[in-house]
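Number of protein chains: 2
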Amino acid sequence: MSALQDRLLPTLTHLLFDWLEVDDLLSRPRYADHDRAGLEDLLGAAGAIAAQHFEPANRVIDDQEPAFEDGRVVLPRETHDAWAAYVETGFLSAAHDEADGGLQLPRTVDFATKVVLGSASVGLVPGMLTEANASLLLAHGSPTQREVFALRELSGEWSGTMCLSESQAGSSLSDITTRAVPDGEGSEDDPLGPRYRITGNKMWISAAEHDLTDNIVHLVLAKVPGPDGVVDPSTRGISLFVVPKVLVEPDGALGERNDVTLIGLNHKLGWRGTPNTALAFGDGGHTPRGSAGAIGYRIGEPGQGLRQMFHMMNAARIEIGLAASALGYAGFSASLDYARERRQGRPVTRTGKDATAPQVALVDHADVRRMLLAQKAYAEGGIALGLYAARLLDEQATGTPDEAAEATQVLEVLTPVVKSWPSEWCLEANSLAIQVMGGSGYTRDFPVEQYWRDNRLNMIHEGTHGIQALDLLGRKVTQEGGALLAALGRRVEATVALAREAGLGEEAAAVDDAWAEAVATARSGWATGDPADALPNATLFLQGFGHVVVAWVWLDVAARAGSPGDLAALRYVVRYELPKTTAWFTVVADREPLCRDLDASLL
Amino acid sequence: MSALQDRLLPTLTHLLFDWLEVDDLLSRPRYADHDRAGLEDLLGAAGAIAAQHFEPANRVIDDQEPAFEDGRVVLPRETHDAWAAYVETGFLSAAHDEADGGLQLPRTVDFATKVVLGSASVGLVPGMLTEANASLLLAHGSPTQREVFALRELSGEWSGTMCLSESQAGSSLSDITTRAVPDGEGSEDDPLGPRYRITGNKMWISAAEHDLTDNIVHLVLAKVPGPDGVVDPSTRGISLFVVPKVLVEPDGALGERNDVTLIGLNHKLGWRGTPNTALAFGDGGHTPRGSAGAIGYRIGEPGQGLRQMFHMMNAARIEIGLAASALGYAGFSASLDYARERRQGRPVTRTGKDATAPQVALVDHADVRRMLLAQKAYAEGGIALGLYAARLLDEQATGTPDEAAEATQVLEVLTPVVKSWPSEWCLEANSLAIQVMGGSGYTRDFPVEQYWRDNRLNMIHEGTHGIQALDLLGRKVTQEGGALLAALGRRVEATVALAREAGLGEEAAAVDDAWAEAVATARSGWATGDPADALPNATLFLQGFGHVVVAWVWLDVAARAGSPGDLAALRYVVRYELPKTTAWFTVVADREPLCRDLDASLL
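Chains as they are written, first to last, in full-length UniProt numbering: chain A, 1 to 603; chain B, 1 to 603.
It is possible that part of the hints are untrue.
Going by beta-carbon spacing under 7 angstroms, a handful of chain B positions derived as facing chain A [to be verified]: (1) Leu265; (2) Lys268; (3) Tyr338; (4) Thr349; (5) Cys595.
Some residues of chain B that are not near chain A, with every Cβ distance over 12 angstroms (derived) [unchecked claim]: (6) Arg36; (7) Leu103; (8) Asp189; (9) His311; (10) Ala405; (11) Asp533.
Just so you know, these hints were derived from the structure itself, not from any lab. Just so we're clear, the structure is a prediction, and the values are computed from it rather than from any experiment. Cβ atoms here follow ideal geometry from the backbone N, Cα and C, with glycine treated the same way.
Can you build the whole structure from these sequences, using the hints too?
In structure tokens, the structure reads:
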């Protein structure tokens with residue numbers, strides 16, 4: 001194992017079993033084949049792979065960016081080794097049905113294994129999107145699409161991508177110009193699904209070209225023109241297509257190349273192990289089956305593309321939050337080890353400093369301890385939040401109908417926070433790791449600067465901070481007459497009561513007050529009923545709400561399972577972090593119009 | 001010129017002439033040869049060099065890191081070109097006496113030229129330390145040391161470094177182990193100064209080896225053992241030595257190599273154009289003049305090393321703050337241009353979104369405007385703060401004795417903020433620039449990700465955030481019975497009064513209250529008189545105090561010279577930023593012991 005995994009695995013076990021009571025889940029039929037010892041072994045196996053294949057490769061994949069050579073994207077040998085180990089041990093498909101080759105692992109545990117691997121090298125494996133891609137096909141595809149594409153992805157034989165954005169349509173997907181037209185006579189009856197010809201360019205696609213697998217299964221958003229040639233300008237015009245890099249027979253046998261061409265490779269500041277690509281569909285580079293346009297098969301009904309994509313978006317957003325948290329944890333661990341080892345200066349005492357005394361460890365300085373405790377609170381808080389969301393996914397899948405419905409409500413309102421909060425605060429954690437280590441922190445001899453660079457993507461990809469904020473304040477908070485927010489509020493209330501019983505009166509009161517402030521802020525922001533008043537400061541609401549949510553998570557951890565370390569983190573959050581919310585909330589509650597009304601020529 | 005310089009130059013001219021009234025300075029004898037038109041031409045010349053030699057080279061020096069080849073550090077051709085242009089136009093020595101080859105430029109204007117060049121490429125030129133080095137020698141060196149070393153540095157013939165840190169002594173300089181012993185018979189009478197043999201290793205030295213100049217003048221902190229062989233363990237034992245890379249005759253002629261060896265080159269996450277090195281003094285690589293140890297010449301009296309070094313540290317810290325601000329401005333400018341150009345989505349209106357309407361520019365979204373206005377407030381606020389500090393340097397140099405004394409007090413209490421606030425908030429500005437640009441922001445096709453990386457060093461080098469915080473709350477706030485703080489307070493009061501007259505009542509009241517809160521916080525933090533109570537949260541005091549100071553600077557700009565853009569930035573600071581101070585100040589005022597008392601094993 002490694003120092004990082006030796007620290008992380010007990011943290012995860014503690015959260016999973018002492019706090020989230022994963023044992024209780026195991027009595028449900030879906031998980032009946034698992035027991036706690038087996039799950040702990042599985043986490044241990046993930047830790048072993050992480051230490052053996054991921055950690056040593058992390059700097060390699062940063063130094064040796066994916067390169068375009070002779071028409072293909074070449075990845076370092078280490079990426080191939082890690083992908084093989086990941087696939088062989090079954091982690092890729094672990095949460096899926098046994099019938100589909102999976103282990104029927106609870107998502108809560110499955111996502112914990114992703115934290116393990118992500119902490120070791122977040123950019124190494126394009127597994128996340130492959131699995132999300134397969135999940136979408138399993139949920140919305142035809143039996144043949146599931147059999148041919150999804151199962152080959154879950155086995156690791158093929159990999160998958162999500163092709164959403166275009167040059168002129170990133171956050172604004174209604175503006176995509178990729179088009180799909182039926183592929184002539186009989187195209188409706190293709191065994192792989194209604195067959196179309198796809199034309200258009202997509203960008204910001206992770207792992208759309210590489211040499212890890214024989215085929216790559218692209219899921220592509222495109223609009224189908226109506227009989228009059230006109231497309232619906234809204235997102236309701238968007239359909240979803242499966243577009244394989246290499247065309248396949250209904251039995252899965254590989255055929256000729258599809259007309260899908262790599263047209264660009266982005267060079268990023270971090271997360272470099274995963275190629276980030278631009279693709280052209282149907283640019284005439286090939287004419288598959290003798291005619292123009294990339295061949296794609298529609299998934300489900302027309303016009304359902306965005307809904308289908310968002311089916312897997314919640315899980316993907318949880319995964320981003322956990323990836324950000326895993327990076328936060330990795331930096332915390334590296335800087336903690338450094339701070340314990342390295343000696344520098346003397347602590348401040350009443351009598352001043354004694355220059356003849358030996359130097360103390362960095363960790364003996366109050367300000368260094370503050371930076372470490374903050375990292376712990378951010379990183380472990382982010383992990384706890386993400387695992388809590390994963391537990392809600394399990395509740396959706398295996399709870400009673402009432403439990404599942406309640407879990408859905410809570411999950412919907414939490415998802416923007418689960419994605420955004422760790423992306424912001426675990427980036428800050430990585431910055432603090434650099435700061436703790438001083439000059440060493442900014443050199444490439446230590447891993448923390450890379451964690452910080454890698455983490456910078458998380459506030460952007462899979463929906464920017466601003467998009468999450470509009471989702472939260474513009475949609476989730478008001479949805480179902482506020483029922484989603486109320487569902488979360490009942491959970492906060494229950495935690496507050498429990499924490500009071502556990503002797504955490506001060507912290508319970510702080511969270512209780514902060515929750516009330518969050519709810520009042522949402523109400524005040526929406527007082528005029530006009531989105532143009534409520535939403536200009538939505539990002540600040542997201543920030544404040546995120547802080548309240550994480551304080552509640554820490555209170556819940558401490559009340560139910562509190563170790564002394566948990567209590568320290570909770571106290572840090574309550575005393576140092578929670579008071580920040582007022583500055584953010586005030587602007588929202590005041591419906592501050594400064595930025596909305598600003599004359600942009602004054603910038 | 002370039003888009004960046006076209007935006008920056010009028011901003012600087014506005015601050016210098018409309019706000020800081022540099023015209024008034026020009027009536028003083030030292031600056032009598034200058035007039036406003038000449039100074040504006042000079043800024044324009046800096047802008048031209050920046051656009052021609054610095055901006056185009058900025059990505060090159062990031063890609064082509066300094067390399068160690070055949071015993072020397074090789075820099076790209078672009079660095080040589082930029083250095084030549086910089087030296088030829090006289091910017092290196094511009095603030096110095098005409099007798100020393102300078103232009104007697106006010107520091108306020110001199111530092112503005114550094115903002116111009118820093119915005120174009122912060123890592124390009126090792127000029128900052130060369131000039132600081134020369135300044136120190138001019139202030140504390142013997143006439144021969146000044147003549148031989150300082151003047152050759154000011155002309156750009158040689159360059160200079162500061163060798164302070166060692167592996168075990170970064171922030172804790174009392175622990176340096178570099179030693180200096182008199183170099184035998186007659187060493188006291190060397191024309192270049194008392195001659196010593198220096199042994200020890202130094203690290204984190206900028207530009208200590210390169211091929212830009214024929215010689216490099218190292219200023220080295222070392223301790224001289226007493227007659228009993230024992231050194232003073234405190235910083236009072238530290239002396240300062242000039243140690244040339246190549247030995248020189250008293251007439252400046254170059255002789256044999258000194259025993260100064262490059263032993264390491266750090267590979268950084270940013271600011272890569274400037275080599276960051278480790279040096280060995282007297283490791284026996286050479287035996288100059290036939291005996292062991294690097295030859296160095298003492299500057300001034302023994303035991304004065306740290307005091308002499310800190311003489312130039314205030315200016316160096318202002319320069320770091322301005323470099324951070326210049327990077328903040330460069331990111332602001334790049335992301336603003338992008339946001340004006342690029343179309344994405346539709347604004348939120350009362351009636352919802354109309355998908356058939358054309359997409360709007362990014363800058364038309366309230367949240368994007370918020371991120372741009374924040375960058376403007378951080379970057380221009382940081383520049384204004386740094387130029388204000390530079391104006392205080394001019395006041396020290398040319399004011400009446402009373403004016404100079406008052407300026408010194410204000411400068412002493414401001415310096416930790418001038419260094420730290422832009423380092424933190426202009427880094428945040430760069431992160432916002434990335435965020436505004438979305439995926440493009442994190443690719444290396446655009447400059448903003450590099451600005452963000454370059455800026456990450458500023459919270460560490462020339463004294464970490466934590467060190468600035470102890471300087472502020474542990475020293476400057478309490479010094480002279482609080483007289484420094486009171487001097488700044490009088491300036492804040494004057495601004496508040498002026499702003500009220502100018503119709504800025506709301507903003508004036510906010511700054512007035514925030515200042516009162518800062519002073520009360522310092523008092524409350526020190527209530528027990530025990531540094532162990534007051535200082536554990538010193539960094540949070542620095543953050544809060546910094547926000548108050550910058551709010552005051554913006555209020556002053558707006559009250560004296562307010563353009564509509566200045567007013568928008570002021571309002572942003574007052575409504576979005578200033579309310580954050582309470583969360584930081586409360587912890588300090590409460591003398592929160594959580595981090596001080598934390599059992600580090602719980603981390």
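Verification of the hints:
Here the hint on Leu265 (chain B) is broken, as its CB sits about 10 angstroms from the closest CB of chain A, past 7 angstroms. With a least beta-carbon distance of about 5 angstroms to chain A, the hint placing Lys268 (chain B) at the interface is held under the 7 angstroms criterion. Evaluation of the Tyr338 (chain B) hint against chain A yields a violated restraint, the C-beta minimum of about 12 angstroms exceeding 7 angstroms. For Thr349 (chain B), the shortest C-beta to C-beta distance to chain A is roughly 6 angstroms, which falls under 7 angstroms, so the interface hint holds.
For Cys595 (chain B), the suggested interface contact is upheld, since its CB lies about 4 angstroms from the closest CB of chain A, less than 7 angstroms. Non-interface status of Arg36 (chain B) relative to chain A is upheld: no Cβ of that chain comes within 12 angstroms, the nearest being about 25 angstroms off. Taking the minimum C-beta to C-beta distance to chain A, about 34 angstroms, the non-interface status of Leu103 (chain B) holds against the 12 angstroms cut. Listed as outside the interface, Asp189 (chain B) is consistent with that label: its C-beta sits roughly 33 angstroms from the nearest C-beta of chain A, beyond the 12 angstroms cut-off.
Taking the minimum C-beta to C-beta distance to chain A, about 22 angstroms, the non-interface status of His311 (chain B) holds against the 12 angstroms cut. Listed as outside the interface, Ala405 (chain B) is consistent with that label: its C-beta sits roughly 28 angstroms from the nearest C-beta of chain A, beyond the 12 angstroms cut-off. Look at Asp533 (chain B): its CB is around 9 angstroms from the nearest CB on chain A, not clear of 12 angstroms, so calling it non-interface is violated.
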